[in-house]
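Construct the complete structure from the given sequences, taking the supplied hints into account.
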Amino acid sequence: MNRQQISIVVQISTIVGLCLFAWFLIVTTKANLAAAGMSSGLGFLDEKAGFDVAFSLIEYSGDNTYWRVFLVGITNTLLASVIAIVGCTVIGFLVGIALLSRNPLTAGVARVYVETFRNVPLLLNILFWYFVILNLFPRVADSFDLFGIGFLNQRGLYLPLIEATPLGRLIMLAVVVVTSIGVFNYSKRQTEVTGFGIFRTGWIALISCTVIALLLWIGVIGAEVEMPAKSRFNITGGISIIPELVALIVGLSIYHGAFVAEYVRGGLLSVAKGQSEAALSTGLTDWQSMRLVILPQAMRVIIPPYISNNLNVVKNSSLGAAIAFPELVNIFAGTSLNQTGRAIEIVLMVMAFYFTISMLISLVLNIYNKKVQFNER
Amino acid sequence: MNGKFMSFIRGLYASPFSIAMTLFWAYLAFLTIPTVVNWAVINAVFVAEDGDGCSRSGACWAFIIARFDDFVFGRYPEAERWRIIVAFGLPLILALSSLIMSQKQRGKILFGSILLFPISVLLFMYGGVLGMEVVETRLWGGFALTLVIAISSIASALPIGILLALGRRSHMPVIALVSTTFIEVARSVPMITVLFVASIMFPFFVPEGVEVDKLLRTIIAVSLFAGAYMAEVIRGGLQAVDTGQYEASAAMGHGYWQSMRFIILPQALRISIPAIVNLFIGFFKDTTLVLVIGLFDLLNMVLSATSDPKWLGFEVEGYVFAAAVYFIFCFGMGHYSRHLEAKQKQR
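Note that the protein sequences, when read in sequence, are chains A and B.
Residue numbers for the first sequence follow my numbering, beginning at 8 and rising by one.
Residue numbers for the second sequence follow my numbering, beginning at 63 and rising by one.
Derived from the structure by calculation, the hints contain no laboratory data.
No incorrect hints appear here.
Not close to chain A: a few residues of chain B, all C-beta gaps over 12 Å, as computed:
| no. | residue |
| --- | --- |
| 1 | N105 |
| 2 | R168 |
| 3 | R231 |
| 4 | A404 |
Restricting the straight-line Cα-Cα distance to at most 25 Å, the calculated cross-link-like pairs of lysine-lysine (PhoX-like) are:
| no. | chain 1 | residue 1 | chain 2 | residue 2 |
| --- | --- | --- | --- | --- |
| 5 | B | K405 | B | K170 |
| 6 | B | K66 | A | K280 |
| 7 | A | K280 | B | K407 |
| 8 | B | K407 | B | K166 |
| 9 | B | K276 | A | K37 |
Counterexamples of contact, computed for chain B against chain A with all Cβ distances above 12 Å:
| no. | residue |
| --- | --- |
| 10 | A102 |
| 11 | F108 |
| 12 | W144 |
| 13 | L152 |
| 14 | Q167 |
| 15 | V303 |
| 16 | I326 |
| 17 | P328 |
| 18 | R332 |
| 19 | I335 |
Source: prediction; values computed, not measured.
Don't be surprised by glycine CBs; every beta carbon is placed ideally from N, CA and C.
And the structure:
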């Protein structure tokens, strides 16, 4: 046999082997399900779930179906992941820059932070914060008052609920869009005139939040603002952010922040030293040279591992299941699975969700890598 | 040394901002260090009969000391615990003996000690031979269980990863597609779902009457899962081997397997060792997730000990202890991996 024949034989036998394996799995699974008197299929998704969920962004009650539970799980997973990604990005960039600080104390503290949290399991981290919030935060009666707009106690964080009419939402969106266009234009003009851009994201957030708050206050946006109110035993109204969510977000941000810090440090070190010397000698301050010269070049090295880090955040948000935060794994692969017994369908649906997210993130990474390679000298 | 010290001091007041930071850290240290030292050392109780013997103003290390054996050995019967020490000791002695061997034999001996590990765990920890009673795996626990899961998973992930990595780079489209699909799917799902597959879905997949031990199922699942990550690490190593090596090996008349076995893989694996150690650190930390499916690893043993009625209210001590154990091991291995990496770069 020559090489090509061997190759064809190997490939065909692989296909046959895999088909046999799949056939075996299907046959035994069917037999097992039949023996247990269980049916299969996705029909259970239309059944009433009948259990409550402690926290949900979309409307949900026990009367809703398992399909709704799946959606609640997905939104909660994404909510925790997105906030944690923001958190670990902020921590990571600050600590990453601090790691290279010329002040030895700052660099030392940053190093201790990174080494401590990189080398301790994430689950332990999350469980610890959950314990701290439940036991060391004030009771409801002695809640921290957050400047009159909310409360913090061991049952969670309470913030005002803003429920806008559809028109009101449209106005808010319009404010953000108009501000963004304005800020981008201004930044462009500034760059042409002075050579410096401005911190666009920050200004957009600041201006649009102020304008929206102002419009809310004078009543242009039709919205009802429900402030949390404290009674003796409870806090009613507003939105409550449960301690499980807070612990999960804090744990994820601190853990992944340590990894992002190392990527940032690596990226900053990859920029030739002459760049910062040149930037300083043109009269830029330390901060300006970091923001305008070093960071933009370092981003090329930082972004690829940073994007895979964000994928890990989404995957690791599943650890919320260990402290009963109602994310996908907890309420769908946990409670729903126990109630319906549809292990195979449910676990496959959960895996499919994570697979989709992962593919989306890889797509973003590939597009970015292509763009960067194109720009390279 | 003196120069280093002077530049350290100079860094403290290099600029106004630097001075502000120095003062800030000094103030923070003034606030926290005395509290921590008081709690952890000065007011701490090291010897006590039970929780009542501990003070509330200091740490109760007596709790950790009293339950230390359980943290190491889990719920394994006390009279049989010497078997765990033997099971871990034999491969460890073999691995250490490699230190006095020549460089050439060292690799083989280390490889042999990894192979010996599952065998000696099966023989001594599980038992049933040489007059040793069988100790069911549901009694295994503590740090010993953490090590059993982490080491056997990574050890079996190595051959799986090599095959997947070669498969992904194969010229046969079917093989490449199958390997790539497996690697990408496994890497995109969280480890918890894989543990669920092992503990909940697996029984559906085997004919009735066949029962596979839960710990073994977990180890198999984690091995396959880790295999996907290992494949990517080894693929990196394979890519780092110079193309000339492939060509030279083919020119010598080596077939595919011969050239992989004798020329390419030895180089690729050597390059991958630091990354493999990092992978091991990751999975060592991730073994904590087995508490979700009800196995009693170190973390779960510590957590369940905190609800011991004799020792109530010492959760913080438990968390600190568990964190310290993981930290020491992961930090140590991380240093070792960086040391290996630096040594490779020198060549």
